[in-house]
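The task is simple: from the sequences and hints, build the whole structure.
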Amino acid sequence: MRKYFIGFILIFLPFVIFAQGMVGVSIHTPPPERLAVEDLWWVTLNNRTGEPLTVYLHGTATVISEAPFGTGVVFEAKTNDFELPPGTKIIRYSDIRKLRDVEYNEECRSYIQRTRKLPDGLYKICIEVVNTSTGEVLGQSCIEHMVRTPRRPILIRPGDGVRIGTKTPIFSWRLEGTTIPMVGDTFLFKLVKIYDAQTPYEAMEANPPWFETKVVETSLRYPVSAKELELGKYAWRVELFSGVAKIAESDVRTFEVTEPVMAIQPAGVELTIDTVSALAGLAGLLTAEKKLGIYFVSK
Numbered sequence: 000m001r002k003y004f005i006g007f008i009l010i011f012l013p014f015v016i017f018a019q020g021m022v023g024v025s026i027h028t029p030p031p032e033r034l035a036v037e038d039l040w041w042v043t044l045n046n047r048t049g050e051p052l053t054v055y056l057h058g059t060a061t062v063i064s065e066a067p068f069g070t071g072v073v074f075e076a077k078t079n080d081f082e083l084p085p086g087t088k089i090i091r092y093s094d095i096r097k098l099r100d101v102e103y104n105e106e107c108r109s110y111i112q113r114t115r116k117l118p119d120g121l122y123k124i125c126i127e128v129v130n131t132s133t134g135e136v137l138g139q140s141c142i143e144h145m146v147r148t149p150r151r152p153i154l155i156r157p158g159d160g161v162r163i164g165t166k167t168p169i170f171s172w173r174l175e176g177t178t179i180p181m182v183g184d185t186f187l188f189k190l191v192k193i194y195d196a197q198t199p200y201e202a203m204e205a206n207p208p209w210f211e212t213k214v215v216e217t218s219l220r221y222p223v224s225a226k227e228l229e230l231g232k233y234a235w236r237v238e239l240f241s242g243v244a245k246i247a248e249s250d251v252r253t254f255e256v257t258e259p260v261m262a263i264q265p266a267g268v269e270l271t272i273d274t275v276s277a278l279a280g281l282a283g284l285l286t287a288e289k290k291l292g293i294y295f296v297s298k
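72 is the number that numbering that gives the first Met the number 0 gives to position 73 of the sequence shown; each next residue is one higher, with no gaps.
Possibly wrong hints are sitting among the right ones.
In silico EDC-like cross-links for lysine to aspartate or glutamate, where the CA-CA straight-line distance does not exceed 20 Å [as the list claims (entries may be wrong)]: (1) K116 x E135; (2) K189 x E216; (3) K77 x E32; (4) K213 x E238; (5) K116 x D184; (6) K192 x E216; (7) K166 x E106; (8) K189 x E201; (9) K97 x D80; (10) K232 x E143; (11) K213 x D250; (12) K189 x D94; (13) K97 x E37; (14) K213 x D195; (15) K116 x E105; (16) K192 x E105.
It should be emphasised that the hints constitute simulated quantities derived from the structure, not laboratory data.
So this is what it looks like as structure tokens:
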């Protein structure tokens with residue numbers, strides 16, 4: 000009976016090895032919230048065959064959650080061929096001489112080629128070990144990894160929910176984690192009007208742009224040549240692009256355009272902007288500015 004049992008084990012063992020994969024693959028987790036091209040190829044391989052193998056790695060990075068550029072494969076490539084000895088071997092990008100058959104999501108191509116990083120999204124990273132001679136997949140593994148850039152636009156001016164008495168307001172923002180945009184960065188400024196009981200986000204998604212433009216600076220004065228702002232509430236947002244790839248977007252903020260109230264300085268009485276602002280606050284007004292010696296305050 001013992002001989003039969005041992006014989007069964009010897010017959011079944013190759014199928015167990017095959018089921019587990021002739022080469023075990025363990026992908027090392029990339030640094031938190033980032034994913035560079037080089038990070039894809041940091042793996043530990045375990046050649047269980049007892050024989051040296053000539054193989055290459057096939058790697059893919061696929062966005063599995065909705066991202067500004069959609070879902071699907073964002074980056075895919077193969078390594079050069081290399082010999083994998085029996086046992087365990089750690090592979091890093093420095094061990095790979097070059098990548099071949101490189102494919103990109105077209106909307107992200109310029110960003111990845113320029114920065115060597117993948118844009119924001121939840122990724123499924125997969126690595127296959129492929130036999131060079133036969134094309135057989137000897138082992139594979141996948142992990143999930145979140146990429147979240149710290150360069151999200153942060154809106155500064157006008158403050159959220161404020162009332163303004165000018166139809167050419169100044170808008171400004173900055174990038175989270177840095178103060179200087181990178182070469183190739185552009186911003187898409189979008190302004191929509193809020194109607195009835197709409198929330199700011201509903202208005203931003205549903206309403207056509209009242210004004211929309213691309214800029215490279217982190218500030219914008221509403222142009223006098225643009226469609227004139229009417230009285231009422233507006234929502235605005237700034238999106239960051241690198242090339243044609245959308246990298247991140249700001250929160251949505253609101254402001255309300257009201258009629259200005261003119262305060263004329265009485266003869267012989269010295270007023271300051273602080274004084275006018277204080278009086279405006281007592282009167283239920285919000286903002287004050289001085290133009291050509293005349294103070295304007297907003298309802």
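Taking the earlier hints as the rules, which of them does this structure contradict?
When the structure is compared with the hints, numbers 1, 3, 6, 7, 10, 12, 14, 16 turn out to be violated.
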